[in-house]
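Trainee: Just so you know, the protein sequences line up as chains D and Z, in that order. For the first sequence, numbering that gives the first Met the number 0 assigns the number 0 to the initial residue and increments by one for each residue that follows. For the second sequence, numbering that gives the first Met the number 0 assigns the number 0 to the initial residue and increments by one for each residue that follows.
Worth double-checking, as some hints may not be accurate.
What the hints assert, rightly or not - Once the Cα atoms are required to be at most 27 Å apart in a straight line, the calculated DSSO-like pairs of lysine-lysine come out as:
# : chain 1 : residue 1 : chain 2 : residue 2
1 : D       : 120       : Z       : 166
2 : D       : 131       : Z       : 142
3 : Z       : 142       : D       : 125
Claimed, not checked - Beta-carbon label-pair distances, calculated as ranges:
# : chain 1 : residue 1 : chain 2 : residue 2 : range
4 : Z       : 161       : D       : 224       : 54 to 60 Å
5 : D       : 243       : Z       : 35        : 32 to 38 Å
6 : Z       : 155       : D       : 40        : 24 to 30 Å
7 : Z       : 137       : D       : 212       : 56 to 62 Å
8 : Z       : 32        : D       : 78        : 44 to 50 Å
I should point out that these hints are in silico values taken from the structure, not numbers from a laboratory. As the structure is a prediction and not an experimental result, all values here were calculated from the model. Glycine included, every Cβ here is placed at the ideal spot set by N, Cα and C.
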Amino acid sequence: MNTTILPKLCLPILFLPMLLTSCSQDDLDDLSDTLYVRHKGADMPAHLYGNASESVFLIILHGGPGGDGLVYRAGTIRSEIEKVCSVVYFDQRGSGMSQGNYSEEDISVDLMAEDVMALVKTIRYKYGDDSKFFLMGHSWGGTLGTAVLLENQDAFEGWIDVAGAHNAKGIYTEYPKNFRRVADEQIRLGNTVGYWEGVQEKINAIDTLRFEIDDFYTMNRAAFVAEGKLEEDDVIKSIDDDILGELTVTGLFKNNPLTTVWSGAQTASILVDDQGIFENLSFSDRLNEITIPSLVLWGEHDMVVPPVYAEEAFNTFGSEVKELMIFQESGHGPMFTEPNLFANKVIAFIEQNK
Amino acid sequence: MPKQLLFCLSLFAGTLYSQRAATVRDTLATPFLERTEFRAGYFGNFYWNPGLALGAEYLLQQKTRTKEKKRRTKIITKQWLANGTLGFSWDPRAEFGVFTNYGITWRRTNTKGKQLQVQVNPLGYYRSFLPDTYEVNGDDVRKVFLPGRSYYAPSISFGLGKRRDNKKLSGRYLNITYSIRTPYNADFLPAIAIEYGYRFKFKKKP
């Protein structure tokens, strides 16, 4: 009797590898594919969903550093944008479910930008040389996207900059100005006055003439809290329950959160603490080199990457075709707070420039 | 001072002697299959990467202490076992992992058959198998054969169990296992898994 236990248990083992490889689908109208890109010691997953019938791919560069690609597969990115192109949800080196074996020196903006080009080459190899690419970078993804474009913009039909930190270095000195501006405005409107007075006091106590990483983290965390307060006062729209549900499911179940949180924290620590990207890195003086069609999308009440950078990006891009859209009821995540408007803008931009 | 030292030593020796008097040591004379239990069970961390683990535990040493109480006899068994495990886990969107590890288990079983155990596996190996993977070198792209990576993966488990006397499934267990995979990215990856399963023996009934 006991001898029958092992064969029974072995059966699922034989079938599970088949399940893992069955995630790809050849129907280009409704593509669902997962592939990994191996490049310079890293194996990085890219999840491709949507309509690839015209070989148009929108690569999303996630925020963080240390976020993951699939968190963007919610709201109208999934329900609308995937109808007009294939959206590529990519986990950067050392983030999400990426794995590999390399040294800390191999986590750098330059190498991560090379990884994005390795992804482009891989998609071309698999889906054809006629593939067209749009690049979208959100927050830290805007830093990385800018680095990609400064070396390889010819590979892309257009650039969608969503609250991108192209001037990571400048954020430190911009935070206090933005906090004061918003605090003054909210106090004048009579919104959560006690909280905003407290913000003013805290900001006044920070010496922004000298970069301190602890102060940066304090202000960065405070920026997210401040957006929460703005949401409570209906200045920023709340995320729709359906989208919130999708985000929760994605965060908890579509990746292994234990792995993504750990990997992301390690990579963020290397880039922020060791390499000092928020102390040293700025592409502001090179934005004019970006000449491909560009769409700049920003929340009016973005506390994390202040909207002054939306104007800087739009005014400095060397593109002949460029557009700036400020979402009046959004903070750092307009794709989820004003999802319909966001999708309309992105789809129109892709249709116009593909 | 020497007198005090002598007293302490005699006390210690006395304790040792009294323990030995109540202890039965197992010897290695019993047949291999009787000393070996096999186990099979769920291994993973909930939804994210479910899996299965199969293992064997070979009894190295067993000490049974018997204490006579007023109403019952208290029997505590402590075992040292060599163990080996082979298993797999599966991240639905990311990877299929096969692992094997080897080490030592310490287990305490009380009169009612309830067990506590600690398992240390200094020898561990984890191999990830990835979906379609393309390696890029410059402008050259090629599909990788059997994509994935190998990791050194030692682990430690803490668990509870229950011995089932005279049953085909001789016991069940619930372990929490902490392991690391290294080198993983620029450092290592910690992982926590739940193990729940049954132990069984292949020995024939007398």
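Trainee: So the hint says 56 to 62 Å: do the beta-carbon atoms of residue 137 of chain Z and residue 212 of chain D match that?
Mentor: violated (37 Å)
Trainee: Take a look at whether the Cβ-Cβ distance between residue 155 of chain Z and residue 40 of chain D falls inside 24 to 30 Å.
Mentor: Because 28 Å falls inside the window, the suggested range holds.
Trainee: For residue 131 of chain D and residue 142 of chain Z, compute the direct alpha-carbon distance and say whether it is at most 27 Å.
Mentor: Within the cut-off at roughly 21 Å; holds.
Trainee: For residue 161 of chain Z and residue 224 of chain D, compare the CB-CB distance with the range 54 to 60 Å and indicate the outcome.
Mentor: violated (48 Å)
Trainee: Quickly compare the C-alpha distance for residue 142 of chain Z and residue 125 of chain D to 27 Å and report which way the hint goes.
Mentor: holds (10 Å)
Trainee: Given a hint of 32 to 38 Å, does the C-beta separation of residue 243 of chain D and residue 35 of chain Z actually sit inside it?
Mentor: violated (52 Å)
Trainee: Does the hinted range 44 to 50 Å hold for residue 32 of chain Z and residue 78 of chain D at CB?
Mentor: violated (60 Å)
Trainee: Assess, step by step, whether the Cα of residue 120 of chain D is no farther than 27 Å from the Cα of residue 166 of chain Z, and give holds or violated.
Mentor: violated (59 Å)
The earlier numbered hints that this structure contradicts are 1, 4, 5, 7, 8.
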